[in-house]
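Trainee: Chain by chain, the residues run as shown.
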Amino acid sequence: MKFTLTCFFLFFGFSLSAQEKKTKVSVSGNIGVTYEGYGLNRNPTGFSGYSQRKPWNQVRFTFQPTITTPKFSLPFNFNFNTTPTNVIGPYAGIGKQSIGQFITNPSNNFAVNPKYKWAELQLGTQYLNYSNLSTGDVGVFGAGFDLRPDVWRLKFFTGVSQQGVNFFSGGANGSYKRKNWMAQLGMEKEDNYALLFNFAKGKDDKTSIPPPPPGSVLPQEGFSMSVVGKVTIDKNWYANVEGAQSVYTKDLFQLTSPTDVTIKPFLTGNTSTIKDYAAEGAIGHKSKNFDIGVKVKYLGAGFQTVGYPFLQPDRMDYLLNTRFNAFKNKTNVTASIGQRTNNVSSTALKAKQFIGNLNWFSQINDNWSVNINYNNFGFQSNSGLNPFGIKNVSNDFGIAPTYTWSNTKMVHLLSLSYNYSKYDERDVLTGLTTSNNTHTALLTYVPSFLTKDLTPDFSVMYFINKLPGFKTTLATISTGLALPAFKKKVQLRGQLQYTFSKNNTFTANNNFIASCNIDAKLNKKTTWTNYFSTNYFKYGTESTPVNANYLESNFRTGLMYRFGK
Amino acid sequence: MKKIFYILSILFFVQNSIAQVNTNLVLSPTPPSSLLQWSVNRETLTFIVFPAAQGTQGQYKIKTEIKLSDGTVVGKTDLNKSKTYTLSSATTIYNATDVVPLESMVFNGKYKSNLEKTGKLPADNYEICVQLVRPPDFVPFSEIKCKSFYLAATQLPILMKPYNEDVLDYDIAKTTIIFRWTPVVPKPKALVTYKILVFEVFENQNPVQAMRSNFPVLSQEVKGVTQYIWQPRGILGEAAYLNKEDTLQITNNKLSDQDYNIKRGKYVWAIQTFDNLGQPLGDGNVNADGVSEPTLFFVSRKVKDIKTDAMGKQAEQ
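Line by line, the protein sequences are chains A and B.
The opening residue of the first sequence carries number 0 in numbering that gives the first Met the number 0; numbering runs sequentially from there.
The opening residue of the second sequence carries number 0 in numbering that gives the first Met the number 0; numbering runs sequentially from there.
To be clear, the hints were calculated from the coordinates, so they are not data collected in a lab.
A portion of the hints provided could be inaccurate.
Simulated crosslink set (DSSO-like; lysine-lysine; CA at most 30 angstroms straight-line) [claimed, not checked]:
id : chain 1 : residue 1 : chain 2 : residue 2
1  : A       : K296      : B       : K160
2  : A       : K390      : B       : K80
3  : B       : K66       : A       : K470
4  : A       : K351      : B       : K80
5  : A       : K524      : B       : K116
6  : A       : K294      : A       : K327
7  : A       : K421      : A       : K488
8  : B       : K66       : A       : K205
9  : B       : K75       : A       : K351
10 : A       : K421      : B       : K80
11 : A       : K421      : A       : K465
12 : A       : K327      : A       : K154
13 : B       : K80       : A       : K296
14 : A       : K501      : A       : K520
15 : A       : K294      : A       : K421
16 : B       : K80       : A       : K349
17 : A       : K178      : A       : K95
18 : A       : K351      : B       : K116
19 : A       : K349      : B       : K194
20 : A       : K524      : A       : K501
21 : B       : K109      : A       : K421
22 : A       : K349      : A       : K421
23 : A       : K465      : A       : K488
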């Protein structure tokens, strides 16, 4: 397969280069290949206290040309890699892939979107975002169109979002083949108004795989429809609203009964079919120096859509956002305050989460600036079966003054940042609250040479985290240097980092990291990028066996050719 | 004497006709809130019908009632629609598919509408009572067996820190990043395992695509706690590095927002939750893999951003 792909890739690369000579047809975009290698050496042999963090070998291809004529454009978007690395989702744990699985694997994109005036044909893998409550997070391989004559909108797409994957004990979780379609109908004038109706459906093919073991994946079917309204007044005031309904069958093998939830002709339900609603709205004001807005979102306990597989239902969010500039734009403030209620449908287990954020930046004078931030997240639920309810409160406060001074040759920057973080958790059985306190201090010095091309930086960080019976201390010293070479055709960057860490009374762990980038401009259109890093970690007495260590290395090299202007 | 003999004979006959078959009901005290999951997780409910006395033959139906703790019946089997079974000389084991058959259960009022909306009964204390009855008149064929249980919809963790689209300072993040999330609600009696997953979002990827396809740069399990202090140890390395050319380009607004995001380093994180048996928790999400709603965060060299201002001023002068 690798050979076929390489041939395909080269063929298109050359044929497109040839087309560049024609004057009326222009081609722009890029084509590239990247290899990434990873190594992990753990000592003593058999030490399993540290796990692999990247695939051992990976080759990624990028092919993104756009052919443009005065009336027509043809953008290609091909991105794919040779080794599947899926951990979550339908392809989790997949080993060797069939062609169909390779094409629909979320790792890979094969898309062509020819455009003629207001008409766009969509072919291949498309991540189409119709709205926040219908579809947007799932890629579908198939065909469709997006028509936008004047203010009218007509969109349709159909295809396969996942192929059938057989269950393997200790390997793939398995998945049923899922076919999707989605449509949008309505009218829209950019930055003015919109009224759009969205429909999205996905259905698993029950026969696409042999029955997996009980308790694993179930064949499902979901249909959702929503209506979106948007209006902007005087370019500054805006209001958006969306209301949605979903009907979802959790197991297509369940039996039917006359009272099943059904929404014909889109979905015929069975005893596992549920139906619920969701809505969201926002209203606000935007200008150069002042923004304010309110957002509200409600997701019913049974709201599920195939277009947003990780959407968490049964909640209600309110959020008030603001941003303003003051004192001749030398002070910028952004803030938000809100509340999220989880388990809205359950009076017994309703859980409330308070959200508060503030970031204040002030340029005091030419030399001094200061940034202050404060975040608060509080979470509280009713007790349920336990004597006490859950109560977790996270408070973070940070202050970062910065002093800069300069002369004709250099700009110096000295920044000190201090963060205090407090996390309180209540035990649901005893009612006792434990506090987890963290202090972080960072000092950074960045001298910039205005007459030279050297860019060094230095930083020192101290971190301490304390909770009852446990204490972690970390200290890091790091430095970086960037400089051009070979008449600025090569950019070199390097970083060194040493970290000392200590947990309780164990002896210290020591960590040394070195990395470098070498980016070379081979000619006007071709760049060659390289990255190498090594990470050596030696444990103290906290590891089993004592004093274990590992050496992790990363190597990446990539060639990118940019064609067109 | 004759009367006593007749009375004893009648009692013996009635006893035999009422309770000719012995049964046993086993139910998890905290079953999944979704009634569908009762059938999927077969160990949730087991109903055993022991072999009948020799010579006993016939057919029976399983009559099930779900009640509140005050005795109010919220749902029961429609015996006219439910399956008929034939008595066997061997032990027969049934699970929720047969005992709580959704296609022939009838629920009342708000319980019915709740099931249609969510597939779940409202969080509360319930009792399930199961008995064998003989068709066509549905006279009892076994003793009633009842079990109490508590039902609550599990809500997966909600990610607190880094919050959605939070921008972390690279010089701190390269040494530590603190992750915090809310616990599973309601808090199970057994210790749950949280797996913290962090994925790098590559160029041309959307965050969910990255989650569903990339190798995680962090995959760490912790038990019971809702905070994890991660030491990235070089894995964020190159993503956040901006050279002088980049900073000047940002100053002059020549670097698009999209490019700037690439320079910043983009990550998506989520929590996967498992019960004490290692099974993914939560029947709420589409994937049923216990993965929370993901959150995006960036790692950026904030100092360099500030430096940009200083260099911009110099350029103006």
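Trainee: Indicate, hint by hint, whether the structure satisfies it.
Mentor: Hint check results:
1. A:K296 <-> B:K160: holds, 21 angstroms
2. A:K390 <-> B:K80: violated, 47 angstroms
3. B:K66 <-> A:K470: violated, 50 angstroms
4. A:K351 <-> B:K80: Measuring from Cα to Cα gives roughly 43 angstroms; hence the hint is violated.
5. A:K524 <-> B:K116: With a Cα-Cα distance of about 57 angstroms, the restraint between K524 (chain A) and K116 (chain B) is violated, given a limit of 30 angstroms.
6. A:K294 <-> A:K327: holds, 29 angstroms
7. A:K421 <-> A:K488: violated, 48 angstroms
8. B:K66 <-> A:K205: Not OK: K66 (chain B) and K205 (chain A) at ~35 angstroms, beyond 30 angstroms, violated.
9. B:K75 <-> A:K351: violated, 34 angstroms
10. A:K421 <-> B:K80: Roughly 59 angstroms separates the two Cα atoms, so the pair is violated.
11. A:K421 <-> A:K465: holds, 10 angstroms
12. A:K327 <-> A:K154: The given pair, whose Cα atoms are some 46 angstroms apart, is violated under the 30 angstroms limit.
13. B:K80 <-> A:K296: Violated, because 41 angstroms separates the two Cα atoms, which is more than 30 angstroms.
14. A:K501 <-> A:K520: Given pair K501 (chain A), K520 (chain A) is violated - Cα atoms ~43 angstroms apart, limit 30 angstroms.
15. A:K294 <-> A:K421: holds, 28 angstroms
16. B:K80 <-> A:K349: Between K80 (chain B) and K349 (chain A) the Cα gap is close to 37 angstroms, so the pair fails against 30 angstroms, i.e. violated.
17. A:K178 <-> A:K95: holds, 22 angstroms
18. A:K351 <-> B:K116: holds, 22 angstroms
19. A:K349 <-> B:K194: Satisfied, since the Cα-Cα distance of roughly 24 angstroms is no more than 30 angstroms.
20. A:K524 <-> A:K501: violated, 49 angstroms
21. B:K109 <-> A:K421: Violated, at roughly 42 angstroms.
22. A:K349 <-> A:K421: holds, 24 angstroms
23. A:K465 <-> A:K488: violated, 49 angstroms
In this structure, the hints that do not hold are numbers 2, 3, 4, 5, 7, 8, 9, 10, 12, 13, 14, 16, 20, 21 and 23, in rising order.
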